[in-house]
Amino acid sequence: MDMDSKAKLFSYRGGMYLLLALLTILLIGGFIIYRFSLLSHQNIVNTLDEGIFFGIIGVAIATVVIALLLAVRLNRNLQSLQRAAMTMESGADIGSIPEFANDELGDVSRHIIDLYQRLHQANKEVQIEHDRALHEQQEKLRIKRQLTNNINHEIKTPVAAIQGYLETLINSTDINDEERNAFIEKCYTHCLRLTQLLHDVSTITRLEDGSSRIVCESIDLRAIIDEIASEVALLPDDKRMRMNISLPEKVVINGNSTLLMSIFKNLTDNALAYSGGRDIYIKLVEETANSYTLSFADNGIGVDEEHIGHIFERFYRIDKGRSRKLGGTGLGLSIVKNSILFHGGDISVCNRKMGGLEFTITLPKSLS
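Each residue of the sequence shown is one higher than the one before, counting from 1214 in this note's numbering.
Think of the hints as simulated: they come from the structure by calculation, not from any bench. Hints are supplied without guarantee of correctness; some may be wrong.
Said to hold, decoys possible - Label pairs and their calculated CB-CB ranges: (1) I1521 x R1331: 40 to 50 Å; (2) G1568 x K1452: 14 to 24 Å; (3) D1450 x T1506: 29 to 39 Å; (4) T1276 x D1344: 56 to 66 Å; (5) T1418 x S1470: 51 to 61 Å; (6) G1557 x S1385: 48 to 58 Å; (7) R1358 x D1517: 22 to 32 Å; (8) P1461 x L1347: 41 to 51 Å.
Computed from a prediction, not measured in an experiment: that's the story for all the values here. The beta carbon of each residue, even a glycine, is placed where N, CA and C say it ideally should be.
Please put together the full structure from these sequences, using the hints given.
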């Protein structure tokens, strides 16, 4: 409440109290004057006049008492409203509504404070939503910067290797054909790694920025998994794993075929490269009216528990040297998780008791 409002309030109270004081003084003064008049003119006054006079005095005194009680009640309401106004002026939360008398001023005061509380709560919710949106935007920018930095770091290694091999080929005139071919093969291997990295980055970017343009339709997941199994069967014996598939003849998913292929292709490649096992197990764990829950597991060495919570992070590697040597980009499992989240599904991972990793995947059924 500003100073002008306070001055008006105090002026109003002072005037009210002054008026009551003047009324009381006039009544007392009138009574004294009248009594002196009676002493001088006793022949005029009779018993009836005395009764009427004291009745009038009693009514006046009762009126003064009632006015004082109403003034105290009004003053209490005004003080409560003043404290609430000062709190509202500071922008703070009033908390519980102050006590007001059950009269018109009390009703108006409660209504004003209720409106303020609703407005204050609405402003708080808007601020919370704004802070959340700002945090999400900052987090996206941070992730993009981190992704850019990681890509830059990942590209440097194969580019530097290719440059070194090519400089050797150009500057060494006496290099034999066997060494030349070996250098060319290594350049080709690093080129493949760069191609895979660019493909994975493109997939991540597509999921984050262009998800509205990704077409979804009814896809037979069993057919995709069978296709991956047939590719694994063509690998050399030392790089091959047995694919043990326990799925219905048709597992129809509402999704994008390319992304669904990337999910199980990346999981399979991850098992082939790092598990050290001989078998991959893909089975249906649960089927509901709206979704399928599948298990993708291997019988390899598993992963230390300290790494379990990080394996879906971008560019996270358990064994960095071995991962790069095998051509991994560090984005495979991140693509898996983001692709599943895009489909409205979920994924979790744990070590199997008998050895190896187990991924539990939930994906929605086709809407048709």
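Here's how the hints hold up against the structure:
{"no.": "1", "hint": "I1521 x R1331: 40 to 50 Å", "result": "47 Å, holds"}
{"no.": "2", "hint": "G1568 x K1452: 14 to 24 Å", "result": "20 Å, holds"}
{"no.": "3", "hint": "D1450 x T1506: 29 to 39 Å", "result": "33 Å, holds"}
{"no.": "4", "hint": "T1276 x D1344: 56 to 66 Å", "result": "59 Å, holds"}
{"no.": "5", "hint": "T1418 x S1470: 51 to 61 Å", "result": "19 Å, violated"}
{"no.": "6", "hint": "G1557 x S1385: 48 to 58 Å", "result": "56 Å, holds"}
{"no.": "7", "hint": "R1358 x D1517: 22 to 32 Å", "result": "29 Å, holds"}
{"no.": "8", "hint": "P1461 x L1347: 41 to 51 Å", "result": "46 Å, holds"}
Against the hints set out earlier in the document, a violation occurs for number 5 only.
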